[in-house]
Amino acid sequence: MIKAKFLKKNDKLVAVTLKGHSGYAEEGSDIVCAAATTLSCTIGDGIVNVLEVKANCSANEGEIYIDLNGNSASEIQQCQVLMKTLHLGLKNLELIYGMYIKVDEEEV
1 MIKAKFLKKN DKLVAVTLKG HSGYAEEGSD IVCAAATTLS CTIGDGIVNV LEVKANCSAN
61 EGEIYIDLNG NSASEIQQCQ VLMKTLHLGL KNLELIYGMY IKVDEEEV
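Those letters in the sequence shown? Residues 1 to 108, by full-length UniProt numbering.
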């Protein structure tokens, strides 16, 4: 199962970590994993390359994270549309494929 955890600070999404594999299908055929990975990496690329906000982003085997901590309040605000879009996309995946992906939020 993919476990996605969003961290919120002052009602702003400041970080997300995705861990694990969905187990929906074999590697190369797993549409849940492909969707979660594509959403997350596209949002990370948008933050870094389109908005030009310095974020700590990484995509490794079984783990993806985007961390906005260390940025100014205005930079974090600038990223909210993309972070909320990622949250919405992953929640929609959870709605359809809830046995394979779980999305949580935590206030920090």
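Calculated directly from the structure, the hints in this document are not laboratory data. Note that the coordinates shown come from a computational prediction; the quantities given were computed from them, not determined experimentally. Watch out, some of these pointers could steer you wrong.
Stated by the list, open to error - Cut-off 27 Å, straight-line C-alpha distance, at most; resulting in silico cross-link-like pairs (BS3-like, lysine-lysine):
(1) K12 <-> K102
(2) K19 <-> K9
(3) K84 <-> K5
(4) K91 <-> K3
(5) K84 <-> K9
(6) K19 <-> K3
(7) K5 <-> K19
(8) K91 <-> K8
(9) K102 <-> K91
(10) K84 <-> K8
Exercise for the section: Could you grab the alpha-carbon distance between K19 and K3 and see if it respects the 27 Å cut-off? Expected result: holds, 5 Å
Practice task
Please work out if K91 and K8 have their alpha carbons no farther apart than 27 Å.
Solution key: holds, 16 Å
Problem - 27 Å limit on alpha-carbon distance, applied to hinted pair K5 and K19 - result: Roughly 9 Å between the alpha carbons, so the hint for K5 and K19 holds.
Handout entry: Pairwise hint evaluation, K9 against K19, where the allowed Cα distance is 27 Å at most
Key = holds, 21 Å
Exercise for the section: Assess, step by step, whether the Cα of K84 is no farther than 27 Å from the Cα of K9, and give holds or violated. Expected result: holds, 14 Å
Exercise for the section: Would you mind confirming whether the straight-line C-alpha gap from K84 to K8 stays at or under 27 Å? Expected result: holds, 11 Å
Practice task
Compare the distance between the alpha carbons of K12 and K102 with 27 Å, and conclude whether the hinted pair is satisfied.
Solution key: holds, 20 Å
Exercise for the section: Measure nothing beyond the straight line between the CA atoms of K102 and K91; if it is 27 Å or shorter, mark the hint as holding. Expected result: holds, 8 Å
Exercise for the section: Decide if the proposed pair is consistent with the structure: K84 and K5, CA atoms, cutoff 27 Å inclusive. Expected result: OK: K84 and K5 at ~13 Å, within 27 Å.
Handout entry: Pair hint K91 and K3, alpha-carbon separation not exceeding 27 Å
Key = holds, 11 Å
Checked against the numbered hints above, the structure breaks none of them.
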